[in-house]
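Working from the sequences, and respecting the hints, build out all of it.
The sequence shown runs -6 to 323 under our numbering.
FYI, nobody ran anything at the bench for these hints, they're computed from the structure.
Computed from a predicted structure; not experimentally measured.
With a Cα cut of at most 27 Å, we get these calculated DSS-like pairs of lysine-lysine:
| id | residue 1 | residue 2 |
| --- | --- | --- |
| 1 | K179 | K102 |
| 2 | K229 | K136 |
| 3 | K121 | K136 |
| 4 | K82 | K136 |
| 5 | K223 | K136 |
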Amino acid sequence: MNINQVFEAFDTLRVLVIGDVMLDSYVWGKVERISPEAPVPVVNVQTREYRLGGAGNVLLNVQSLGAEAIICSVIGTDSSGDLLENSLKDKGLNCEGLIRSESRITTIKERIIAGSQQVVRIDTETDKPVSKSETAQLIAKAKELIPSCNVIIFEDYDKGVLTPHSISEITAFANEHNVPTVVDPKKRNFLAYNNTTLFKPNLKELREGLKIEFNVDNPEELRGAVRHLKEALNVKGALITLSERGVIIDFQDEVHKLPAHIRQIADVSGAGDTVISIAACCVALGLPPKTIAAVSNLGGGLVCELVGVVPIDKELLKTEALNLVIAPTY
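Right under this line is the structure:
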């Protein structure tokens, strides 16, 4: 399978994204005076926009690659939840696994921007774990969808949708059905992702999650930390993003450290979402570890050239992959 065939094969995939989906709100306006009530600017609103955030950006990246993206999450029955569900449907995303909870608020992060300056961010959210009944619903939904999917992405933002119990149950079921699991972790559940297929923390998350220090520029220490991670979680593979140092993958008895590509960095927001989306699709196709790391690393760098959280451009990624002559896969 060469690179062209890989990108065609992405179109055949069904990808289940389980985790914290949220709404990003952007309010743009002008400041022409200071409030008489307090020494703060008065923002005269001109435009307002809602975008998918959290696991929503992973869904958009998966969709941009040509695969079908299916969300499995818990959101509120509030007006923000309505906006979020409508936003998902407007983008043509599969909402079969979306659960609405009367006892939970929907996460919305609102940014007030005057000119080009962000004045304030307002977060309306809870990070409490979902209830036992909601956890049971999430597990049931996941089990219903997993047999028809090619790969699962756990997209954890520590907002409470994923719990150690749901992670354990869903992973065990996926393993029984030979559906690979790819993980984008955060701090709270870091050590709960036992027996998953590919675990993708960044450097900071690796250090904090395992409570270890090491010299990332020392190849032996870096490899030792990655081995430690694999052993601690009994995962099949680990893909660590190292910012300007590139990535390292340890998977299927192969270890590869790939440098970052030289880029005009405009914004690193959302790069991790792009990396996990590409990696999951590559794992679903059974590609070799070096190819998984190379294409994911390339995609993460490409989105950093754009301002804001933007999903990957599939054709641009394919062109770059062909130009770099990433080795034929198998």
